[in-house]
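Enquirer: Listed below are the residues making up each chain.
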Amino acid sequence: MNGLKRRRLRGKASLISEESSLNTSVLENILAEGLTKQFNTFTAVDNISFKVEEGEVFGLLGPNGAGKTTTIRMLASLISPSEGSAFVGGYDITREPLKVREIVGVLTENPSLYERLTAYENLWFFAEAYGVSDPRERDGRIRGLLEFFDLWERRRDKVGTFSRGMKQKLAIARALVHRPPIIFLDEPTAGLDPESAKEIRDLINRLSKQEKCTILLCTHRLEDAEKLCNRVMIISRGRRIAVGTLEELAHLVGKPSLQIALRNIDQKIIDSLKALGQVREVKVDTQASRLTLSLLDESATPEIVREIVYAGGMVLSVNFVYPSLEEVYLKLVKEGSA
Amino acid sequence: MRISRVMLVFKKDWLEIKRNREVLLPIIIIPLLLSTGVPLIFMIGTMIAGEPSSSSMEDLENIVRSLPENERNEVLRMTVQQAAIYLITLYLLAPFFLIIPVMVSSVMASDSFAGEKERRTIEALLATPISDSELFLGKILVSFIPSFMVTIMSFATYSVLVDVLSFSMFNGRLLLPNLVWIMLILCLSPAMAFTSICLTVMVSAKVKGFREAQQISGLLLLPIMVLIFGQISGVIMFGPMVIGILTICFTLIDYVILRLSIRTFKREEILSKLI
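Sequence lines, in order, name chains P and X.
Take 0 as the starting number for the first sequence in numbering that gives the first Met the number 0 and just add one per residue.
Take 0 as the starting number for the second sequence in numbering that gives the first Met the number 0 and just add one per residue.
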C-alpha cells in the first residue's frame with residue numbers, strides 16, 4: 000500500500016507499524032469544498048475549501064469559536080454539512096459516514112473516556128468498536144499503545160483516577176487503536192507537560208513521515224503547528240483567512256528580513272547600506288553585533304554583502320528571517336476579523 | 000445491523016452500570032421492596048389481624064366479583080383469612096410486578112445517552128463506526144436485559160416468600176407460580192418494559208441531562224398505574240386472555256416504536272445539543 004510496508008517492531012515503535020487492511024493511496028487524503036455548517040441562524044463554518052495530501056500534517060488554526068471543532072466533526076461524519084461537500088479517504092462524508100468513521104481516528108476536544116472503566120477496558124471497547132476484534136491483534140495493539148504512553152502499569156486502574164495528562168495520552172491512544180490512515184487531532188498536547196508534549200509531537204511526526212498517515216491537527220499551540228505542520232489553514236469566525244506553508248503565510252504578511260551577523264559594526268557600514276536603493280530600513284543590534292535589514296528585493300542580498308565587505312565589515316553569517324507563525328497568525332486573524 | 004456491535008455497546012454500558020452506585024442501588028432496592036417488603040406487610044398484617052380492614056375487604060370483593068366462575072367458587076369456599084391472602088398475593092399485587100421492570104429500566108434508559116452527554120463521553124462513542132441502529136439497540140438492551148432478569152429474580156423471590164408463608168394455611172398447596180403469573184412475568188412485563196425503554200432511550204437522546212430524561216420517563220408509569228387501579232377496582236382482571244391480548248398489543252406497539260425510534264434517532268442531533 001503505497002510504500003507502506005508496516006514492519007512489526009517491538010516496544011514504542013510497534014505503536015505505528017504492522018500491515019493495514021486499507022489499501023489505496025486514494026483512501027488517504029481529505030478534500031473539502033465549500034464546507035458550511037449552520038446552527039439555526041449562526042454560521043459556525045462558512046464556505047471552507049481545502050485539500051490535505053497523504054502523509055501531510057495539516058494545521059487548523061484559529062481563535063476560540065472559529066469553527067475548528069465543527070470542521071473536524073463534519074469531516075469525521077459526526078455532523079453533516081449544511082452546504083458543500085467533503086471526501087475523506089475517498090469516501091463522501093454525507094453518503095458514506097460509516098466508511099469515513101472506520102478509517103478515521105479522532106481525538107476529540109474532551110478526552111471522552113469512560114471514567115468508571117479501566118484504561119485497558121476503554122481501549123478494548125474502542126478497538127472492538129473499530130473492528131479490531133481478533134483477540135491477539137487487539138491485545139497486542141492495546142499493550143503497545145499503553146506501553147508507548149507509559150500507562151501499562153496503570154492499565155487496571157479506573158480512568159477516573161488518572162491525571163489530565165494521562166487521560167489525554169489515553170485519548171490519543173484510543174484515536175490510534177485501529178491504525179487509522181487519517182487522524183483528526185483536536186488539541187493533542189493540551190494538558191500535557193513539556194516532556195509529554197514533545198513525545199506526542201515526535202509521535203505525530205513519525206505517523207506522518209514513516210506511516211504516511213494524513214493528520215489534521217487542530218491546535219492553539221502555535222509551537223506545535225510550527226514544528227509539525229506542512230501547511231496550515233487559519234480560520235476565523237468560520238471563514239478561511241489563509242492557507243499555505245508557513246513560508247507562504249509569512250510572505251502574506253510581509254517580506255522576510257535579512258539578518259547579518261558581523262564581527263564589528265561601525266557607522267561607515269551602516270551609512271553605506273542606507274545609501275543602497277534596495278534597503279528600506281536598517282536595524283542595529285550592537286550588543287549582538289547584528290544588522291537586520293528590510294529589503295525591497297530579496298535578490299539584492301549578494302550586493303548588500305559585497306557592500307558590507309567593501310566598507311570593512313567582516314561577515315559571520317547571513318540569514319533570511321521570516322515572521323514567526325505567532326506574528327503571522329495574529330496579523331491575519333486581526334485582518335480577517337476587521 | 001451487526002449484532003456483535005449491539006452486544007459490544009451492551010457490554011460496555013453494563014460494565015459501567017455495575018460500577019455506578021447511583022444506577023445500581025435503585026435496580027436492587029426497588030425490586031427487593033416490591034418482591035419482599037410489600038407482600039410481607041400485606042401477608043403478615045392479614046395473618047395478625049385475622050381478616051382485612053373493611054376498605055381492603057371492599058377491594059377484595061371487587062376482585063372476587065370479576066373472577067372467572069370456577070376461580071370465584073374456589074375463593075368462596077375458603078376462610079376469610081385464606082381468601083384475603085389468596086386474592087392479595089395472586090391478584091392484588093400482580094400489577095405491581097409490571098412496575099418493577101419499568102422502574103428498574105427507567106434509571107438505566109434515562110442514563111443511556113443523557114448520561115454520556117453529561118459525562119462528555121458521547122462524542123468519541125459517536126465517532127466510532129457503530130451505526131445509529133446498532134447504538135440505539137445496544138442502549139435499549141442494556142436497560143432491557145438487566146430489568147428482565149431482575150423481574151424474574153424478584154418473581155422467584157416473591158413466589159418462595161408467598162409459598163413459605165402460606166404453606167401451612169393452604170394445607171401444603173403451593174400458590175405460585177401459576178399460569179397467569181408466568182404469562183405476566185415472561186410475556187406482558189417484558190413487552191411493557193420494552194415500550195417504556197424505547198421511549199425513555201429516545202427521550203434520553205434528545206434531552207441534555209439524566210435528570211430531565213428521568214423526569215419525563217416517570218410519566219410512563221401512568222399506564223401501569225391505570226392497570227393497577229383497574230385490577231383493584233375489578234374493572235380489569237389479569238387472566239390468561241387479558242394478559243395474552245395485552246402482550247400482543249404491547250408487542251405490536253414495541254415493533255412500531257422501535258422502528259420509529261431507530262428511524263428518528265440521529266447522532267447529529269445529540270452532538271448539536273453539546274455545541
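Hints are computed from structural coordinates only; laboratory data are not their basis.
Keep in mind that the hints are not guaranteed to be accurate.
Stated by the list, open to error - Below are the SDA-like pairs computed for lysine to any residue, each with C-alpha atoms no more than 25 Å apart in a straight line:
1) X/Lys207 to P/Thr40
2) P/Lys157 to P/Gly139
3) X/Lys17 to P/Lys98
4) X/Lys207 to P/Glu210
5) P/Lys197 to P/Lys226
6) X/Lys207 to P/Glu108
7) P/Lys226 to P/Thr244
8) X/Lys10 to P/Trp151
9) P/Lys98 to P/Arg155
10) P/Lys282 to P/Pro322
11) X/Lys10 to P/Asn109
12) X/Lys17 to P/Arg155
13) P/Lys166 to X/Lys17
14) X/Lys205 to X/Ile144
15) X/Lys10 to P/Phe49
16) X/Lys17 to P/Ser162
17) X/Lys205 to X/Ile151
18) P/Lys166 to X/Arg18
As the structure is a computational prediction, the values presented were derived from the model and not from experiment.
Enquirer: Any hints this thing doesn't respect? Which numbers, in order?
Expert: When the structure is compared with the hints, numbers 3, 4, 9, 15, 17 turn out to be violated.
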